[in-house]
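These protein sequences, in sequence, are chains A and B.
Counting in the numbering used here, the first sequence tops out at residue 217, every number present.
Counting in the numbering used here, the second sequence tops out at residue 218, every number present.
All clues given are correct.
Okay, the calculated bits of chain B under chain A, using three or more residues with CB under 8 Å as the criterion:
#1 90 to 101
#2 118 to 128
Keeping only pairs whose Cα atoms sit at most 27 Å apart, straight-line, the calculated BS3-like set for lysine-lysine is:
#3 A/K63 x B/K7
#4 A/K63 x B/K65
#5 A/K136 x A/K211
#6 B/K130 x A/K164
#7 A/K63 x B/K212
#8 A/K206 x A/K147
#9 B/K130 x A/K119
#10 A/K4 x A/K38
#11 A/K119 x B/K70
#12 B/K65 x A/K120
#13 A/K119 x B/K65
#14 A/K119 x B/K71
#15 B/K70 x A/K120
#16 A/K120 x B/K71
#17 B/K71 x B/K15
#18 A/K120 x B/K130
#19 A/K136 x B/K130
Quick look at which bits of chain A chain B covers, simulated, 3 or more residues with Cβ under 8 Å:
#20 35 to 49
#21 55 to 65
#22 72 to 85
#23 122 to 129
#24 151 to 161
Hints listed in this document are in silico derivations from the structure and should not be mistaken for laboratory results.
Predicted, not measured: the structure shown is a model, and the values here were computed from it.
Note that beta-carbon positions come from the ideal geometry of N, C-alpha and C, so glycine has one too.
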Amino acid sequence: MDPKEIIARRVAKELSDGDLVNLGIGLPTLVANFIDPKIDVYLQSENGLIGLGPIPEKGQEDKNLTNAGGQYVTLKQGGMYFDSATSFGIIRGGHVNVTVLGALEVDSEGSLASWIIPKKLVPGMGGAMDLVVGAKKVIVATTHTNKGNPKIKTQCSLPLTAYKEVDLIVTELAVIEVKEDGLHLIERHPDTTIEEIINQTDAPLKYTNVKPMEVKS
Amino acid sequence: MDKWITKKAFINLLKNHQSIMVGGFMTCGTPETLIDWVLESEVKDLTIICNDAGYPDQGVGKLIKARRVKKLIASHIGLNPYAGSQMSEDALDVTLVPQGTLAEQIRAHGAGLGGILTPTGRHTIVEEGKHVIRHNDQDYLLETAIGADLALIQIEACDRLGNAVYSKTARNFNPIMASAANTVVALTNHQRDSIDPECVVTPHIFIDYIVKEDTHGS
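Input sequences plus hints: build the corresponding full structure.
As structure tokens, then:
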């Protein structure tokens, strides 16, 4: 299975009935495809909507209906629109249950770097800083390494998006919980070993009872 | 009172060195016709306040590409390579602001507040040079209010006075910017005889001038 699909399927299992969820651009967006159809999860897009539906069929796009990545989307029944101040009031005010976003680096204190590589890539933080500070639960969904270079580190070297806010890290190899005393490996992909995970992680991992990662639908 | 203006009257509102807020999110909800008219005018050295830098040929991106912008306050510039390259060569002064902070700074100005306290950006480079204020055992950054000389907003429809409604996610920054500039110009797709008072999003008192989308006369 594609690493991104493994990650998206596993993140989807973290969502509960009634949750308000914000999915970041890119890999996190895929999570929507694997949400249990038996539960109600309300997807927010920070450009001003709750009730994000699937991508419209060709020819059905509405130029006034996009997600925060600028893609054309649809609105589910019960969905609604609001302005940017209301949208970030929802985000900062603690009304978002879960936010899922990608990472350049994430560290053993739960700090995240995701918005800038100085002098190389300066796109801006967009809504990420508000989301990570405001959401009740922050899940980082990322490939375990960037072409072999560990993304999970003892301390982020890039400028931070937020300090000590990440709760859970989901990669194609492992599920890692961030606690006061550091990173806890709680699940591993059935096709990998704890040793392989440790070798690809640039931070100490604590573990006692590592369960197999659920990657089936 | 007649707020409905033509292109010529709109261009007369523009000046060099103006600060201009422009509604829209990745150009969804950006009043493109008004941007085109700013381009047609000779004005330059503008300060632009917008969620993002748009695309090279869409939204405020067109003004950046044409080197009419001196300063940009935005949350994201990644989709317009001209913004990044002009920033690198010091031709464009870019201030990157977290999106929720930007929205609230604008809202604060429109609501007569000097600023807001936000937890967003603590322990990041956003915090540099700012006051940190402790309240209820939590640290907040003091972010000061942002206003502008002019706001250019996109609305879907309004009545004669300018009571406005929006279309879907084209709403975004438009209603808050309508409250935060000395002069507010709305580009509307439709004029209606009346707007249901229960559904008005932006009260007419915030809108100074209205341009109908198909007004191309002088």
